[in-house]
Amino acid sequence: DTAVSQTPKYLVTQMGNDKSIKCEQNLGHDTMYWYKQDSKKFLKIMFSYNNKELIINETVPNRFSPKSPDKAHLNLHINSLELGDSAVYFCASSQDLTVNQPQHFGDGTRLSIL
Amino acid sequence: GDSVTQMEGPVTLSEEAFLTINCTYTATGYPSLFWYVQYPGEGLQLLLKATKADDKGSNKGFEATYRKETTSFHLEKGSVQVSDSAVYFCALGNSGYALNFGKGTSLLVTP
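Residue numbers (our numbering), protein chains in the order written: chain A, 1 to 114; chain B, 1001 to 1111.
No lab work stands behind these hints, which were simulated from the structure alone. One should not assume that every hint holds.
[As the list claims (entries may be wrong)] Mimicking DSS-like on lysine-lysine, the simulated pairs with C-alpha atoms at most 27 Å apart in a straight line are:
#	chain 1	residue 1	chain 2	residue 2
1	B	K1052	A	K19
2	B	K1068	A	K44
3	A	K40	A	K71
4	B	K1052	A	K44
5	A	K40	B	K1103
6	A	K22	B	K1077
7	A	K40	A	K22
8	B	K1056	B	K1077
9	A	K9	B	K1103
10	A	K36	A	K67
11	B	K1060	B	K1077
12	A	K41	B	K1060
13	B	K1077	A	K71
14	A	K44	A	K71
15	A	K44	A	K22
16	B	K1052	A	K40
17	A	K41	B	K1077
18	A	K40	A	K52
19	B	K1103	A	K36
20	B	K1068	B	K1052
21	A	K71	A	K19
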């Protein structure tokens, strides 16, 4: 019954590895997002998809590649992980792109690079 | 571009004290404004929102009024509880589609 669910909750891996984080929403929303939260709690948008179409692609290294197989899923694949990628990654969704729509967040994936 | 500025934390209050967390914004057009709360180890939850000038959002005893003249959306609560300890984020939604968040204000309420 969780609205936005992310897996895994914790991810510990070595530098240079490739990893994926999955996100699913059961709210029937059209729009999904990935945010990165750094150690100081600052949240920054990475990507946004609307009906499986990429809308926002902020200045993110191309090692990060989002994939949306359908509008209920938005996965994040990261190649060649670096120490600076350590952060908490949040998936979110909203009904659509209108500015007054609130976003619903998952519980986050804490990525730690050794 | 759009931006949100929040007061620096951490804020430490005794139970039943009055809370204000300041938030000001810079934006073109007519943004919507939000407060989100993040409890330890959890994702962000919408606390309240306001979509036009002079709107007041309220939820769980928290209130914030959208003031266009002062470009502010300060969060207030009359009597905080220990369970209100969390990080509070002010956010702005505008034509850029993604939310623009402030840096967050950590609140600790002591018994």
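Going down the list of hints, with the structure as the test:
| no. | hint | result |
| --- | --- | --- |
| 1 | B:K1052 - A:K19 | 42 Å, violated |
| 2 | B:K1068 - A:K44 | 25 Å, holds |
| 3 | A:K40 - A:K71 | 31 Å, violated |
| 4 | B:K1052 - A:K44 | 24 Å, holds |
| 5 | A:K40 - B:K1103 | 8 Å, holds |
| 6 | A:K22 - B:K1077 | 37 Å, violated |
| 7 | A:K40 - A:K22 | 24 Å, holds |
| 8 | B:K1056 - B:K1077 | 13 Å, holds |
| 9 | A:K9 - B:K1103 | 23 Å, holds |
| 10 | A:K36 - A:K67 | 16 Å, holds |
| 11 | B:K1060 - B:K1077 | 9 Å, holds |
| 12 | A:K41 - B:K1060 | 23 Å, holds |
| 13 | B:K1077 - A:K71 | 38 Å, violated |
| 14 | A:K44 - A:K71 | 22 Å, holds |
| 15 | A:K44 - A:K22 | 18 Å, holds |
| 16 | B:K1052 - A:K40 | 30 Å, violated |
| 17 | A:K41 - B:K1077 | 23 Å, holds |
| 18 | A:K40 - A:K52 | 31 Å, violated |
| 19 | B:K1103 - A:K36 | 13 Å, holds |
| 20 | B:K1068 - B:K1052 | 9 Å, holds |
| 21 | A:K71 - A:K19 | 22 Å, holds |
Violated hints, listed in ascending order, are 1, 3, 6, 13, 16 and 18; each of the other numbered hints is respected by the structure.
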